[in-house]
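Guided by the hints, dock chain B onto chain A, whose structure is given.
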Amino acid sequence: MTTVTADPAPSSTTPPGRSARTSRLRRSWDKHWYAWAMVLPVVIVLAVLIFYPLFRGIWLSFTDLTEANQVAEICTKSITGSEVCRDNPNKWEFVGLDNYVRVLTGQVGDFWQWTGVTLIWTFVCVAFHFGLGLGLATMLNRPMWGRSMYRVLLVLPWAVPAFVSAFAWKFIFNERFGLANALLSAIGIDSVSWFADRWTALLTAIVTNIWLGVPFMMVALLGGMQTIPSELYEAAEIDGASPWQRFVNITLPGLRPVSMTVVLLGTIWTFNMFPIIFLVTEGQPAGQSEILVTGAYRAAFEGIRNYSLASTYGVLILSILLVFSVFYRRALRKQGEVW
Amino acid sequence: MAQARRPGRSRRNPVKSVLLHGTLILASLIAIGPIAWVLLSSLKPGYAIQSSELTLFRDTTLANYSYVLTSTNFPRWFLNSVIVAAFTMGIGIFLSATTGYAVSRFNFPGRRPLMMVFLVTQMFPVAILIVPIYTIMARLGLINTMPALIIAYLTIAVPFCAWMLKGYFDSIPTSLDEAAALDGCGPFATFWRVVLPLARPAVAVTAFYTFLTAWGEVAYASAFIQTDNKFTLAYGLQQFVPQFNPQWEYLTAAAVLVTVPAGLVFFFAQKHLVSGLTAGGTKG
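From first to last, the protein sequence lines stand for chains A and B.
When the first sequence is numbered by the UniProt record's numbering, its final residue is 339 and no position is left out of the sequence of numbers.
When the second sequence is numbered by the UniProt record's numbering, its final residue is 284 and no position is left out of the sequence of numbers.
So that you can see chain A by itself, here it is in the shape it has in the complex:
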């Protein structure tokens, strides 16, 4: 870019060998400079705040950096008042794959347990998001009395910030005075101490996240349904197709582009969903309901801050998601989806 702008001379004056390339660059610049100007701020922000940190994070995962060994020099005040600095003998250093070995063999943290919880959490949440979202969208997609009112009511959870929902549901699942236990005892079931067992604790977080995430799916799928031409349904009806046949043969295929995208995004978002687990279960009991992101966050910012360990988890999480996306895209392409 700079070479082209710094060269104001028209390409006709430059020797032919060089000019071919410069003029191509120049034409590209003339043609696209406003496009580049428009994307430039975002590219800079992404480069500085996502890609530089990403590579630094990957590099940190090969070191043993913690809060305790991060300083390069230790300075002590001498009697005269001047500072004497010497190199920190325990300074952080490159340790190769040590972090990965320790994490993957279970010497540190509970990687495999957290992975298991994360997979269950992601699968159950996305399945319910999609299933309920699809069901509600189908119901709302037909003319009926009170449709827009239902739509506004059903979309409401989306308007509530995630951390408020987290607190609200934690309040509802309170053991002593929560609504959940009160309703259970009303139908004659003993109250449950939700956060004392890992499965019930996970259940509270899953319920919260399902409640929070269904509106997005519902709205996206409803939008997708409204782009399906109504002539298809009319033709199918004339041919005597039942509502179920119409749903399977017209609605579902018509929704494919939307549903593929929202399932992929939903999976990634749920996998990395931080506030719900962090605030609702807080990992109770004893870190057993922790998912990978919250576990990694606690490694980085609680106790002695183990920055390198957190980065190691980060790299592992990213790898899992990348592998998933590659397979997902490949599966889509095999079915002829251009995306």
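Calculated from the structure, these hints are not laboratory results.
Do not take every clue at face value.
Here are the simulated distance ranges between beta carbons [said to hold, decoys possible]: (1) A:47 with B:188: 21 to 31 Å; (2) B:26 with A:237: 22 to 32 Å; (3) A:148 with B:140: 31 to 41 Å; (4) B:229 with A:75: 22 to 32 Å; (5) A:234 with B:173: 20 to 30 Å; (6) B:184 with A:33: 39 to 49 Å; (7) A:228 with B:173: 49 to 59 Å; (8) A:98 with B:26: 45 to 55 Å; (9) A:146 with B:179: 34 to 44 Å.
Some chain B residues flagged as far from chain A (calculated, every beta-carbon gap over 10 Å) [to be verified]: (10) 30; (11) 60; (12) 63; (13) 65; (14) 66; (15) 67; (16) 176; (17) 266.
These numbers come from a predicted model, not from an experiment.
The beta carbon of each residue, even a glycine, is placed where N, CA and C say it ideally should be.
Using the frame of chain A, we list chain B on its own:
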């Protein structure tokens, strides 16, 4: 098909109709139930909340609200959140709209990789970025300041919003751009005067999404902000429910107050939600 004689909406048979409305009413109750319960609880005094007896109303009072608003740092946190969310929203919309437009209209080298990057950034877990970003912010002296949060939230919101807006811009016919160019508009003027006004629904969705991202983010807010008067709501509210002696009466009142602005933004965006999201989803 006996009912089919009457046109339109009343031809569904009554049993199905009851089932349909029953399901939707149940779903609506589940959707608003927790919000309503928190709202009702916020009007009860502490001892009534912490009793195992279930009542809708008991000794209704606004004392929790007045305590939260006058005797805690809540108003300060609220202001901080408003500032952070407003700046994130303003800058975020501008950045993602120009980027989305460029990616949608111009076939410049680097366009496809950029689209991929937008999607891939959605996968980056907070765990890997937060430490290096923390270091950068510390080096710039931004730890414990609001710009640190605004910048961090932009990195979350802008890629997704640009991606969504690109899909919407794709659905606006390019003939409009060409007409504007014939009338002597440059690319920037075309974008600003012709395309952006047409994309208002999608911009509303983007604004809503960006606002909620900033309003509800917890991880960065917990890590970057250290002093009480700089907290945003997401972190400040945790102060009401410490491990021991949680003060649910204040938390519920604060939760209601936090939801109101988000609800207002939502109210203005919601009628555009469907059209805005669809375009982004199908054409991404």
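Going down the list of hints, with the structure as the test:
no. : hint                         : verdict
1   : A:47 with B:188: 21 to 31 Å  : holds (23 Å)
2   : B:26 with A:237: 22 to 32 Å  : holds (28 Å)
3   : A:148 with B:140: 31 to 41 Å : violated (48 Å)
4   : B:229 with A:75: 22 to 32 Å  : holds (31 Å)
5   : A:234 with B:173: 20 to 30 Å : holds (27 Å)
6   : B:184 with A:33: 39 to 49 Å  : violated (19 Å)
7   : A:228 with B:173: 49 to 59 Å : violated (21 Å)
8   : A:98 with B:26: 45 to 55 Å   : holds (54 Å)
9   : A:146 with B:179: 34 to 44 Å : holds (42 Å)
10  : 30                           : violated (7 Å)
11  : 60                           : holds (17 Å)
12  : 63                           : holds (18 Å)
13  : 65                           : holds (16 Å)
14  : 66                           : holds (20 Å)
15  : 67                           : holds (17 Å)
16  : 176                          : holds (17 Å)
17  : 266                          : violated (4 Å)
Hint violations for this structure: numbers 3, 6, 7, 10 and 17, all remaining hints satisfied.
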